[in-house]
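Engineer: The listed protein sequences derive, respectively, from chains A, B, C, D and E.
Numbered by the numbering used here, the letters in the first sequence go through residues 119 to 375 in order.
Numbered by the numbering used here, the letters in the second sequence go through residues 119 to 375 in order.
Numbered by the numbering used here, the letters in the third sequence go through residues 81 to 390 in order.
Numbered by the numbering used here, the letters in the fourth sequence go through residues 4 to 279 in order.
Numbered by the numbering used here, the letters in the fifth sequence go through residues 4 to 279 in order.
Read the hints as simulated data drawn from the structure, not as lab findings.
Take the hints with a grain of salt, since some may be wrong.
[To be verified] Derived contacts from chain B toward chain D, CB cut-off under 10 Å, selection only:
hint, residue
1, G137
2, T139
3, G195
4, Q202
5, F246
6, G252
7, L254
8, G256
9, G257
[To be verified] Okay, derived cross-link-like pairs now, BS3-like style, lysine-lysine, Cα gap no bigger than 27 Å in a straight line:
hint, chain 1, residue 1, chain 2, residue 2
10, D, K89, E, K8
11, C, K196, D, K89
12, C, K306, C, K325
13, D, K67, C, K195
14, C, K214, C, K284
15, C, K162, C, K186
16, C, K373, C, K284
17, C, K325, E, K67
18, D, K8, B, K203
19, C, K195, C, K284
20, A, K203, B, K203
21, C, K195, C, K219
22, D, K8, E, K67
23, A, K203, E, K8
24, C, K321, E, K67
25, C, K196, C, K284
[Unchecked claim] Sample of chain D residues with no beta-carbon within 10 Å of chain B, all distances over it, derived:
hint, residue
26, R11
27, Q37
28, T43
29, T156
30, T168
31, I178
32, L241
33, T251
34, W253
35, S257
For each residue, glycine too, the CB sits at the ideal point set by N, CA and C.
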Amino acid sequence: MRVPNSELLTLVDVTKRFGTTQALSPTSLSIERGSFVSIVGPSGCGKSTLFNILSGLLLPDGGEVAVGGKSVVGSTGHAGYMLQKDLLVPWRTVLGNITLGAALTGRVTEEDRRQATSFATRYGLGDFLRHYPGSLSGGMRQRVALMRTLALNTELLLLDEPFGALDAQTRFEMQQWLLSVWRDSQRTVLFITHDVDEAVFLSDRVLVMSPRPGRIVDDVEVAITRPRTLATLTETDFTTIKARILRQLHRDAESLS
Amino acid sequence: MRVPNSELLTLVDVTKRFGTTQALSPTSLSIERGSFVSIVGPSGCGKSTLFNILSGLLLPDGGEVAVGGKSVVGSTGHAGYMLQKDLLVPWRTVLGNITLGAALTGRVTEEDRRQATSFATRYGLGDFLRHYPGSLSGGMRQRVALMRTLALNTELLLLDEPFGALDAQTRFEMQQWLLSVWRDSQRTVLFITHDVDEAVFLSDRVLVMSPRPGRIVDDVEVAITRPRTLATLTETDFTTIKARILRQLHRDAESLS
Amino acid sequence: STVSGASAQLTTVNFVYDFPGPDMEITPIVAAQQQGYFASQGLKVNIIFPPDTSTSSQMLTTGAANIGFITTSDMAVAVQAKAPLLSVANYSMSNNWGLFAKPGSKLTLANLKGKKLFSWGDTWTNAMLPFVVKKAGLKMSDITVVTASNDMPLLLAGKIDWTTSTSNYGVPGIFGATGKNPVAITGAAAGVPNVPVWVYATTKSYASAHASVVKAFLKAVLEGTKYASAHQSAAAAAFTKAYPKSGYTAAYNKLGWSLTVPLLTNAKGKYFVQTDAQWSLLNQGLVATKQIKTAPTPSTYYSNAYLPAQ
Amino acid sequence: MNRFKIFRNLVVPVISFSALIGLWELIILWGHVQGYLAPTPLAAWEAISSNWSTLWPLTSWTIKETVWGFGAGAVIGILFGVLMSKLRFLQRSLYPVLVVTQAVPIVAIASPLVLLMGFNLGPKVVIVAWIVFFPVTVNVLDGLNHVDHDLITLARVLGARPWRTFFLIEVPATITPLFSGLKIGATYAVTGAVIGEMAASSGQSLALYQHTQIGQLNSAGVYGTTILMTAIGMSWFLLMITLEHLCTPWLRRSVARRWSRGARTLDNTYVVKGAK
Amino acid sequence: MNRFKIFRNLVVPVISFSALIGLWELIILWGHVQGYLAPTPLAAWEAISSNWSTLWPLTSWTIKETVWGFGAGAVIGILFGVLMSKLRFLQRSLYPVLVVTQAVPIVAIASPLVLLMGFNLGPKVVIVAWIVFFPVTVNVLDGLNHVDHDLITLARVLGARPWRTFFLIEVPATITPLFSGLKIGATYAVTGAVIGEMAASSGQSLALYQHTQIGQLNSAGVYGTTILMTAIGMSWFLLMITLEHLCTPWLRRSVARRWSRGARTLDNTYVVKGAK
Ligand SMILES: Nc1ncnc2c1ncn2[C@@H]1O[C@H](COP(=O)(O)OP(=O)(O)OP(=O)(O)O)[C@@H](O)[C@H]1O
Ligand SMILES: Nc1ncnc2c1ncn2[C@@H]1O[C@H](COP(=O)(O)OP(=O)(O)OP(=O)(O)O)[C@@H](O)[C@H]1O
Ligand SMILES: [Mg+2]
Ligand SMILES: [Mg+2]
């Protein structure tokens, strides 16, 4: 496990309601620079709402959000945010998709293209720079979407169920790949998933949220050495942590036959 | 674990190719009456192809398929087949969807409606008989789709990733429900999934398939007493079986960091 | 002013025809243009064509045209609608309108009952048809009136029994198609009053504000008419040459124009002169067919004050 | 909420039309436009109402033309759409021909049609049908070609008899595009009828009436007739919207009505108590 | 495979048209149809080719009308579509009015238009635009309203500047429906021009030429003119198909061409070797 150097993200008493729905109870949280933190919780508990607030898409009703010590409430651009669907733009090539952020904010510079090309080459898409997304497989598309998020060069990455649509095998490969990207690029990752195995396998820390109105009910340290392998999934350390998280998640369902 | 009484389904050397793609290597298999058998395997290994052949949608290139001792190659109607998407018809009510099979093959009789109503009432949809599917939640839709399959009154049920689109919590509830349906109705279930936890949790037996050209590479008995609970997921018996299956599945990926 | 040196000083006159495209009745205007009669009167005449057969009078009132060529019935209807039009000269002097049937047919007024008659649906035909029916001793309900965008194909295909036209159009049309003269009943034989079919008209305000222009225009047209009557073949050929894409053959134009010439003068050999009688006869026909409600005194329609000396 | 929507969807168009009519009135008044050039809205209205006894038979005649033409167009359109979706070679060979039929200026073929068919209902019906069938065909074809293939597979899995899949699955799945086509056709149906009437009418027709009004410089009559024609077209359009609503209850309701499909087959014994 | 498709898509229509023309020839021959009622295909063709010097100026005039009318209709249609998608109240209030504009029989308003605008290009352009703009508006509006909302969110997440989202996301996402609208408009453009010409031609036009041919019982000329008109419409249609192909390379290609968007910005240094 890597040693965190300092705090990157701080939330204090952030709340959000939609009409009569309390989507997010007052939530406080701090995330260390360079760490990989997963968030799990039942559907509708406010995970995406939290990310929307962090990224600046949504204004919280109250509370404070700071990145690197500076308040970022309601401003965008300080976090790379990748949504569940890969959302590649079909009319832009792989290169065009990776540099979409630059195109939308200003001009695509030589430097942007150089960086995109180096990403693509490093992560096995060098031969596909001029391909349209329509000809890519699901895993390749997810990789392009992640590179687009990386190309924004923000320290904080918010990934909302990026692998939800992939089959088990591809998903496992993508997890491996994401870990290597994270190692290379020294970013801080916040990762939403429904898959407890995935959360524990990837993270330094797993946050468990309660059903609506969502709040963080458990904060689990994953003290398993990296690199982790397939065998990790069935080791005792792993299953102990998984059991703790599952118990938190299925509190109400505990009594099921 | 229940004691199987006799063989319901027998496959001998069934093969299928599409053009130059060998979708299914010669596959032999027999399934006991009343058992719950899951099939796991990487994407594209031929699981759906196998189901299509079993249901009679596809003709195999060679081999024999028998249900209850009678050859059923290329004929339909001997198996209830539920596809991954719930595929409810939006213009028919819940009742209309459950009785769709009857409507497509002949007249919807009083008896058909009686049975559909009793299914729906038993499984918590009694208040929704006259609702259109558009107003149902994902879990409710899956239940209707399964009732439609049950209403065909075939002994053999083929379920192709029925819960793939549901979130973890709903999925867990649906698994519990499926087990109760299976117990009540004394059917034989063949179940395709990508989720190893799900396969082990539900089944008497798990068949593991290899990548294309697909064939069955492992046949794992799940000797865990029923009813199974959330705690089962992290018990040693369970993780041992899971580890064995994962190893089979990720043979090539074994060396990953 | 001389013609050559002062084209800038020519007064522009927009002349609107009564039909969406050019045909041989415009020959006098073409002649006046080609022979330089307009120019020597200090006029530059633009010939324009209306969107349909009923809009020429509206174009005069909007100022889109200054002087126009319209049927007398359109003139009367426009006046009834309070459009301030004034007829300044007759084009033809007698009524050559009537019924036309295929060459060799046995149709007469005596067996008119139950027949299909073609009409353009215009005010003139509407006013005249009741006279024909009356002459045949029938009511309008005894015949079927068919309106379509073209009569000839229908006539030749036997879809209609009679078409309605004027002799100078009906005869060359059917002759051109069949090589034979049609069966025709026109004018007094058809029971219609002797009302000239076409007039030159303008608005009252234009006539009073530009009296000299109107007079100059009619003077040039008179010269053109006389020239075209005296040199029928040349004039018809000049029209064909001016409008090669009109769709009409040279033969049609020549025959049509030669049939038009005799209509242009009255019993005294005079051109243009209008009478009270022609307008009151027309009033009767239009009131009877409810196309106008009241019959104005003939003098509201016309003035002979702009006629050139002849 | 739903009440509010209905209110809004009805009131807003009424307001915009009132605004339009107001604008028209003002232009005529301020522009000092002569009555024989363009009428005020009121004059146009009076030209309709005071001549209603003359206009009604003509209007009903035009309606009759659109009834037959629209009916024929819809039937032919559906037939072509279904056949072309079932027989691929027909789709490939017929589709370009159908596109060309629509590029033919209909006004240009009206005369030959009259020559062929006479002055009665015939040519008008053909012209209306000619205009109506195309959007119907295109939409039905598109609709049938895009029916979720998995639904067809489902029907096969359920052991569907021939034709059952078509009527229980494909037809309902194509209702929305079908009505899109019918609505477009409805909008243009009257234009077709009027073109037909202009090309030839024996006796009386709205187009001929308008022609006469133009000749008599009765602008109020001319505009009034146009309004009448437009009203016929709009009635067809609104009729299609209403029919579409009635045919697709599942798009707006969450619970089936008693008498509707599916619920109809529900025996009283099984009528549920708690259904909202 | 691809070659085969192109071949099939070109050859099949050609065959069906040849069949159609053959049928026409046979009907005339076997039916002993008189020349003044309907011509043979050959006669119609000769009526075009032998009068080409007369017809060409008229044709080019009609083309000019459709160029301006189609252009204006497309621009107005796009404008309306964009504005209505951005301003909801405009959508609600304007949409019903636009539907009504289409239900107005265009033939009935041609004359008033001519009175207003004279005999030159004006009224024809207005009529063509009147017909063309509507399908464009409807399709652009539908297209913009159905742009994947997540793509818009994505753009916001990426910190898009105002208008960038519109041009980089919404416009490309609407290209297919836009061209559907343009293709429909193209098909009907000539019909509009011909209606305009019938209502107002200062002396010369294809419509008037045809009118006189009818009067002259020259059926070959009549049919020939119709063919010419149809050909203009079809050319517009084919032009739109071609443009659509050029504007949407990603729908048919897996690799961008060198000069196309995205690839264009690719510096030579980075051009990949192995790209298929
Ligand atoms: N824009 C919105 N307007 C109204 N309600 C909203 C909105 N966005 C979210 N909600 C509601 O807020 C709650 C939390 O939603 P959120 O999307 O954050 O859940 P989630 O944890 O991401 O769920 P999932 O796992 O299904 O993605 C839900 O009840 C949702 O319906
Ligand atoms: N109708 C078909 N025509 C051609 N190839 C097919 C067809 N159906 C399946 N295949 C191919 O056969 C192979 C097996 O497909 P199949 O759908 O059975 O896989 P699967 O195990 O169900 O995969 P998944 O887990 O992704 O559903 C795949 O390579 C697939 O592309
Ligand atoms: Mg979410
Ligand atoms: Mg499958």
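Engineer: Does each hint fit the structure? Answer for all of them.
Structural biologist: Do the hints match the structure? See the list:
no.	hint	in the structure
1	G137	violated, 19 Å
2	T139	violated, 20 Å
3	G195	holds, 5 Å
4	Q202	holds, 9 Å
5	F246	holds, 7 Å
6	G252	holds, 6 Å
7	L254	holds, 9 Å
8	G256	violated, 16 Å
9	G257	violated, 17 Å
10	D:K89 with E:K8	holds, 19 Å
11	C:K196 with D:K89	violated, 48 Å
12	C:K306 with C:K325	holds, 26 Å
13	D:K67 with C:K195	holds, 25 Å
14	C:K214 with C:K284	violated, 36 Å
15	C:K162 with C:K186	violated, 45 Å
16	C:K373 with C:K284	holds, 22 Å
17	C:K325 with E:K67	holds, 19 Å
18	D:K8 with B:K203	violated, 33 Å
19	C:K195 with C:K284	violated, 43 Å
20	A:K203 with B:K203	holds, 18 Å
21	C:K195 with C:K219	holds, 12 Å
22	D:K8 with E:K67	violated, 45 Å
23	A:K203 with E:K8	violated, 33 Å
24	C:K321 with E:K67	holds, 26 Å
25	C:K196 with C:K284	violated, 41 Å
26	R11	holds, 23 Å
27	Q37	holds, 57 Å
28	T43	holds, 49 Å
29	T156	violated, 7 Å
30	T168	violated, 7 Å
31	I178	violated, 8 Å
32	L241	holds, 23 Å
33	T251	violated, 7 Å
34	W253	violated, 4 Å
35	S257	violated, 3 Å
The structure does not agree with the numbered hints 1, 2, 8, 9, 11, 14, 15, 18, 19, 22, 23, 25, 29, 30, 31, 33, 34, 35 stated previously, though it agrees with the rest.
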